[in-house]
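Colleague: Here are the chains, one letter per residue:
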Amino acid sequence: MLSKRIIPCLDVREGRTTKGIRFENNVDIGDPVEMARFYYEAGADELVFYDITASHEKRNIMIDVVRRVAETIFIPFSVGGGIRDVDDMRNVLLAGAEKVSVNSAAVKNHGIISQGAEIFGSQCIVLGMDVKYVGESVNIPSGYEIVINGGRKYMGIDALKWAVKAQKLGAGEICLNSIDADGTQDGYELKLTSLISENVSIPVIASGGAGNPGHLCEVLTKGKADAALIASMVHYGTYTVSEIKTYLDSCGVKVRKSW
Amino acid sequence: MIAIIDYDAGNLASVERAVSYLGFKCIVTNNIKTINSSERIIFPGVGAAGAAMDSLKRLGLDSLIKQAVIDGKPMLGICLGTQIIMEYSEENETPCLKIIDGFVKAFPSDIKSKDGSRLKIPHMGWNGLENIKKHPVLSNLHEEDEFYFVHGYYPNPNDSEHILSTTDYGISFASMIGFNNIIATQFHPEKSGRPGLSLLKNFCMWNPS
Numbered sequence: 009m010l011s012k013r014i015i016p017c018l019d020v021r022e023g024r025t026t027k028g029i030r031f032e033n034n035v036d037i038g039d040p041v042e043m044a045r046f047y048y049e050a051g052a053d054e055l056v057f058y059d060i061t062a063s064h065e066k067r068n069i070m071i072d073v074v075r076r077v078a079e080t081i082f083i084p085f086s087v088g089g090g091i092r093d094v095d096d097m098r099n100v101l102l103a104g105a106e107k108v109s110v111n112s113a114a115v116k117n118h119g120i121i122s123q124g125a126e127i128f129g130s131q132c133i134v135l136g137m138d139v140k141y142v143g144e145s146v147n148i149p150s151g152y153e154i155v156i157n158g159g160r161k162y163m164g165i166d167a168l169k170w171a172v173k174a175q176k177l178g179a180g181e182i183c184l185n186s187i188d189a190d191g192t193q194d195g196y197e198l199k200l201t202s203l204i205s206e207n208v209s210i211p212v213i214a215s216g217g218a219g220n221p222g223h224l225c226e227v228l229t230k231g232k233a234d235a236a237l238i239a240s241m242v243h244y245g246t247y248t249v250s251e252i253k254t255y256l257d258s259c260g261v262k263v264r265k266s267w
Numbered sequence: 002m003i004a005i006i007d008y009d010a011g012n013l014a015s016v017e018r019a020v021s022y023l024g025f026k027c028i029v030t031n032n033i034k035t036i037n038s039s040e041r042i043i044f045p046g047v048g049a050a051g052a053a054m055d056s057l058k059r060l061g062l063d064s065l066i067k068q069a070v071i072d073g074k075p076m077l078g079i080c081l082g083t084q085i086i087m088e089y090s091e092e093n094e095t096p097c098l099k100i101i102d103g104f105v106k107a108f109p110s111d112i113k114s115k116d117g118s119r120l121k122i123p124h125m126g127w128n129g130l131e132n133i134k135k136h137p138v139l140s141n142l143h144e145e146d147e148f149y150f151v152h153g154y155y156p157n158p159n160d161s162e163h164i165l166s167t168t169d170y171g172i173s174f175a176s177m178i179g180f181n182n183i184i185a186t187q188f189h190p191e192k193s194g195r196p197g198l199s200l201l202k203n204f205c206m207w208n209p210s
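Chains as they are written, first to last, in our numbering: chain R, 9 to 267; chain A, 2 to 210.
Rather than coming from a laboratory, the hints here were simulated on the basis of the structure.
Accuracy of the hints is not assured; some may be wrong.
List time: in silico SDA-like cross-link candidates among lysine to any residue, alpha-carbon distance up to 20 Å [what the hints assert, rightly or not]: (1) LYS140(R) - SER112(R); (2) LYS265(R) - ARG45(R); (3) LYS202(A) - SER266(R); (4) LYS176(R) - GLY119(R); (5) LYS74(A) - GLY171(A); (6) LYS121(A) - ASP72(R); (7) LYS26(A) - ASP188(R); (8) LYS140(R) - GLY119(R); (9) LYS202(A) - LEU23(A); (10) LYS106(A) - LYS121(A); (11) LYS262(R) - ASP102(A); (12) LYS230(R) - LYS202(A); (13) LYS99(A) - GLU144(A); (14) LYS232(R) - LYS115(A); (15) LYS116(R) - GLU79(R); (16) LYS113(A) - SER11(R); (17) LYS121(A) - SER209(R); (18) LYS134(A) - LYS113(A); (19) LYS265(R) - LYS26(A); (20) LYS66(R) - ASN99(R); (21) LYS67(A) - ASP9(A); (22) LYS121(A) - ARG45(R); (23) LYS262(R) - LYS74(A); (24) LYS106(A) - ALA52(A); (25) LYS99(A) - LYS26(A); (26) LYS232(R) - GLY117(A); (27) LYS265(R) - CYS225(R); (28) LYS121(A) - MET9(R); (29) LYS265(R) - ASN141(A); (30) LYS121(A) - VAL172(R); (31) LYS121(A) - ALA125(R).
Derived CB-CB ranges, DEER-like [stated by the list, open to error]: (32) GLU144(A) - SER250(R): 10 to 20 Å; (33) ASP111(A) - THR246(R): 52 to 62 Å; (34) SER209(R) - SER173(A): 20 to 30 Å.
Don't be surprised by glycine CBs; every beta carbon is placed ideally from N, CA and C.
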């Protein structure tokens, strides 16, 4: 049977990894290529890189990071952050990423999903969604609204409607980040995760809020997620990927145990 | 030299990177001379069967691959490459290379796991192998090893002798095929960490008798 995937997430700014707490006060913790090697050898099933470099001129630094990561690890990894068009997608994929994720650009221009899927295949295109709970309303029937620009701009778009639409446009996977849970280490947003996962037929990666292995168990069972993103709980050495998998295995969650 | 066949079917650089990392010389090519003079062939591919068969025919690679198989040259099929060696694919209703008897079928859209929960299509992620047959390319495989899959269609060989392993995703399907000098995987060894690299390395040194 298919294993649930455990995916460390690395934020990269100008070629160095950071971990943001609620998108602010990023702390520098190292070299992305070395961290990729570390997590590859530690049993991570996949990696996610977010380029949070502010200046567009410095974005070629990330392409070089992607190329060096691809020469070092032999598991899939995706790259997101600042992907504006099909050319940005192509650069990342040609440098060696398995998948590319789009977030704000897709909200503003739906065509980037369909064009990307047509040129590179749906399996390459991940839709990143930043979501905040705002309460149910006529415009936001699910109560969950799409926000962009790192959680600062509310878009008036219902998260569930957007997920279903993005799947139709050709997204092959959804990386679902709860702004409310992100950085809290209090657990994933289970209600949001199961709502989206049960209403799309593509895999959903849960993101935001992981603090201990029990949180992963919850989101991969009750939350119906296909994969779980982790950051601080492994970056600071609180848990290893192996410890998390041993715990999940003991809870009856199918994980990859040999690497 | 190992020829990695380039037929406009996705980004083949990951296969090239993995083979080079293992210390073997390889080239991504659609040049018939280069492929003919190669010691072995890797036939990868990501994408749809219809477009892939069109490209193979346009480049004159369809008959070349069939001839290489007859000549006994070691060949590794990966993902779409594995499907294309079958008779026919349900994807775009495509007649394929007919090297192995059997069709390529779509996963049923209402596919469910043993506990009754709905399974998503495509089958994407890490999964294990069952009913593994002995094969030189599969030495050093551990029982719990898993491999990375991304596919909505699967090969279904008529002759069970050709099935080297099966994988469970609601149904049990052929995840590896072996026949004379051919070995073919539905998963991506180049993206499957240690066990994938081990399989690739074994293939690069395999001399089918």
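Colleague: None of the hints should be skipped; say for each whether it holds.
Modeller: Structure-based check of all given hints:
no. : hint                              : verdict
1   : LYS140(R) - SER112(R)             : holds, 14 Å
2   : LYS265(R) - ARG45(R)              : holds, 18 Å
3   : LYS202(A) - SER266(R)             : holds, 18 Å
4   : LYS176(R) - GLY119(R)             : holds, 12 Å
5   : LYS74(A) - GLY171(A)              : violated, 35 Å
6   : LYS121(A) - ASP72(R)              : violated, 34 Å
7   : LYS26(A) - ASP188(R)              : violated, 50 Å
8   : LYS140(R) - GLY119(R)             : violated, 24 Å
9   : LYS202(A) - LEU23(A)              : holds, 7 Å
10  : LYS106(A) - LYS121(A)             : holds, 16 Å
11  : LYS262(R) - ASP102(A)             : violated, 34 Å
12  : LYS230(R) - LYS202(A)             : violated, 41 Å
13  : LYS99(A) - GLU144(A)              : violated, 32 Å
14  : LYS232(R) - LYS115(A)             : holds, 16 Å
15  : LYS116(R) - GLU79(R)              : violated, 34 Å
16  : LYS113(A) - SER11(R)              : holds, 15 Å
17  : LYS121(A) - SER209(R)             : holds, 5 Å
18  : LYS134(A) - LYS113(A)             : violated, 27 Å
19  : LYS265(R) - LYS26(A)              : violated, 32 Å
20  : LYS66(R) - ASN99(R)               : holds, 14 Å
21  : LYS67(A) - ASP9(A)                : holds, 19 Å
22  : LYS121(A) - ARG45(R)              : violated, 30 Å
23  : LYS262(R) - LYS74(A)              : violated, 39 Å
24  : LYS106(A) - ALA52(A)              : holds, 17 Å
25  : LYS99(A) - LYS26(A)               : violated, 29 Å
26  : LYS232(R) - GLY117(A)             : holds, 14 Å
27  : LYS265(R) - CYS225(R)             : holds, 16 Å
28  : LYS121(A) - MET9(R)               : holds, 12 Å
29  : LYS265(R) - ASN141(A)             : holds, 16 Å
30  : LYS121(A) - VAL172(R)             : holds, 14 Å
31  : LYS121(A) - ALA125(R)             : holds, 18 Å
32  : GLU144(A) - SER250(R): 10 to 20 Å : holds, 18 Å
33  : ASP111(A) - THR246(R): 52 to 62 Å : violated, 41 Å
34  : SER209(R) - SER173(A): 20 to 30 Å : holds, 22 Å
Comparing the model with each earlier hint shows violations of hints 5, 6, 7, 8, 11, 12, 13, 15, 18, 19, 22, 23, 25 and 33; every other hint is respected.
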